[in-house]
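Based on the provided sequences and hints, a complete structural model is requested.
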Amino acid sequence: SSKSLAIRLINSNLRGPDSNDRYFKSLPQVYLIPHQVSSSSTSDGIMKVFNMAATYQETTSKQFPIISVVLLDNIESAEANSFNPLKVLPSLLEPSYPATGPAVSIMGISNRSLNNCKSSRALFVRRPQFDLDDLIDVSKQLLNNLIVSERGDILESLAKAYLNYTKHGQSIPNFHGLRDYYELIKQISLDKITSESVQMALARNFGGTDYSYKLYEKYFGDVINTFNIGHNPWICKPIPIKQLIDANLDDSESRHLLVISKSDSIVNLLTYQLRMKDLDPDIILGSQFPDDQDDYSYNVLSKIMLCIEADRPLILTDLEIIYGSLYDLWNRNYAAVRSKENVKYFTRIAHGSYANPMLYVPQSFKFTNRFTQKDLFIGFDEDETLQIIRVELSALGRDEVDRWKHLYFQQHHGSLYDYYNTLFNQEKLLADSKGELLNFQIW
35 SSKSLAIRLI
45 NSNLRGPDSN
55 DRYFKSLPQV
65 YLIPHQVSSS
75 STSDGIMKVF
85 NMAATYQETT
95 SKQFPIISVV
105 LLDNIESAEA
115 NSFNPLKVLP
125 SLLEPSYPAT
135 GPAVSIMGIS
145 NRSLNNCKSS
155 RALFVRRPQF
165 DLDDLIDVSK
175 QLLNNLIVSE
185 RGDILESLAK
195 AYLNYTKHGQ
205 SIPNFHGLRD
215 YYELIKQISL
225 DKITSESVQM
235 ALARNFGGTD
245 YSYKLYEKYF
255 GDVINTFNIG
265 HNPWICKPIP
275 IKQLIDANLD
285 DSESRHLLVI
295 SKSDSIVNLL
305 TYQLRMKDLD
315 PDIILGSQFP
325 DDQDDYSYNV
335 LSKIMLCIEA
345 DRPLILTDLE
355 IIYGSLYDLW
365 NRNYAAVRSK
375 ENVKYFTRIA
385 HGSYANPMLY
395 VPQSFKFTNR
405 FTQKDLFIGF
415 DEDETLQIIR
425 VELSALGRDE
435 VDRWKHLYFQ
445 QHHGSLYDYY
455 NTLFNQEKLL
465 ADSKGELLNF
475 QIW
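With positions in the sequence shown counted from 1, the corresponding number in the numbering used here is that position plus 34.
Mixed in with the good hints there might be a few duds.
Stated by the list, open to error - Listed next, the in silico EDC-like pairs over lysine to aspartate or glutamate satisfying Cα-Cα at most 16 Å (straight line):
#	residue 1	residue 2
1	Lys174	Asp187
2	Lys311	Asp285
3	Lys201	Asp165
4	Lys121	Asp78
5	Lys271	Glu230
6	Lys152	Asp167
7	Lys152	Glu190
8	Lys378	Asp345
9	Lys194	Asp165
10	Lys220	Glu287
11	Lys337	Asp312
12	Lys194	Asp171
13	Lys194	Glu230
14	Lys37	Asp55
15	Lys96	Glu110
16	Lys37	Glu110
17	Lys220	Asp285
Honestly, the hints are just simulated from the structure, not real lab data.
This is the structure in structure tokens:
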């Protein structure tokens, strides 16, 4: 995101004597100590991070000056935390006099404004809304030079269509945003631009609603018609969800996937879809016991970390309690470590109240999440959508589930028992076990 990128630029340039810029060489080196705030964060955990920063600050000298900076990422999630871990912040934000120890600087990244008790004690910086010129400029950087030189006029049309949609076409505020627009531009630049390829890119990045095809016609129809090669006018045809999921799985550069469905059998269908591609996914379902959250979420995160490092696809459902811990993973906010042979990617996971281990993420790794429409807003304000899920969204209706089942049956008509056993046993289990612990995993 723009916020994470800004922090990364600051950290990579303020390296003291090792900086590239002459002026930056005269400044102290910034030593960043990041902490991923999550629903499991506690005040003790945050204090440990500050104590670590204070200890490192003591190593500063005139010859090698250092400034320790604590970075609290996803800080807004702490305000909904029952532990109230940010209650220690006011005393840490205000310098003590006389000083009792080395001063530690603090930066926080948030998707919304914090309460006045905290924000009034710090410098508040907000990214302004992008206007038309900003969107066009970013689009030029994302598209290859050939497209920009040949069809530069289309960038303005796309940007205008996006701004018009976000202002007037979203029934749920912020359901789609800049990330979806950026991914749309990137996917358009990868293939030969036709009306079909533009509609596919729109379906993958502006899906997840029941009215997606109306969106294409009303707000992006003129843009799509611009690339219509034939003499006949372009007609919007709904793209099957199965085709969208296949496109996501086949694209190594695509985002993680969120499937919105009312039917529990979608988990089985997704499993089948992955296995048809010679992938062996793990399925992890959430616990329904309210008192089973802490230990269970810790164990689930441990298993998820093992699966990620082993490059095993994951299908998650009913695990809202741990999604905030995977914030950087959803964002694909990776640290690249380059060697002569290849590049490896690492990301932070909020594992427990204190630990933020760096986790190796294979480039081909994919998450698939199954949500119901109601699940999107658990734990959030009424006017705010789920911002931690930065993924491709696909809404799957009951009729499409039935068609998918029928296709599965046609391909496996000789294994009728296996078909029903695979597709319906888990759905029956979920219906019969309402209110009981669900810890069903396929390894």
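Status of each hint after checking the structure:
1. Our distance criterion of 16 Å between C-alpha atoms is met by Lys174 and Asp187, whose separation comes to about 11 Å.
2. With a C-alpha separation of about 13 Å, the suggested pair Lys311 and Asp285 falls inside the 16 Å cut-off, and the hint holds.
3. A hinted pair counts as satisfied when its Cα atoms are at most 16 Å apart, and Lys201 with Asp165 qualifies at roughly 12 Å.
4. Distance check on the hinted pair: Lys121 and Asp78 sit about 11 Å apart at the alpha-carbon level, within 16 Å; holds.
5. For the given pair, Lys271 sits about 9 Å from Glu230 by alpha-carbon distance, which is consistent with the 16 Å threshold.
6. Pair hint Lys152 plus Asp167 does not hold up; C-alpha atoms about 34 Å apart against a cutoff of 16 Å.
7. Between Lys152 and Glu190 the CA atoms are separated by roughly 40 Å; this puts the pair beyond 16 Å, and the hint is violated.
8. With a C-alpha separation of about 13 Å, the suggested pairing of Lys378 with Asp345 holds against the 16 Å cut-off.
9. Under the criterion of a C-alpha separation no larger than 16 Å, the hint pairing Lys194 with Asp165 is consistent with the structure, at around 9 Å.
10. Only pairs whose Cα atoms come within 16 Å are accepted, and Lys220 paired with Glu287 is accepted, the gap being roughly 10 Å.
11. Note on Lys337 and Asp312: the hinted pairing is violated, with a Cα-Cα distance of about 21 Å set against a maximum of 16 Å.
12. Of the pairs offered as hints, the one joining Lys194 and Asp171 holds, with about 13 Å between alpha carbons and a cut-off of 16 Å not exceeded.
13. Pair hint Lys194 plus Glu230 does not hold up; C-alpha atoms about 20 Å apart against a cutoff of 16 Å.
14. Taken as a hint, the Lys37 and Asp55 pair is broken in the structure, with Cα atoms around 22 Å apart against an allowance of 16 Å.
15. For the proposed pair Lys96 and Glu110, the alpha carbon gap of about 37 Å is over 16 Å, so the pair is violated.
16. For the given pair, Lys37 sits about 14 Å from Glu110 by alpha-carbon distance, which is consistent with the 16 Å threshold.
17. Proximity of Lys220 to Asp285 is assessed by CA-CA distance (about 12 Å); at most 16 Å being required, the pair is judged to hold.
Checked against the numbered hints above, the structure violates hints 6, 7, 11, 13, 14, 15; every other hint is satisfied.
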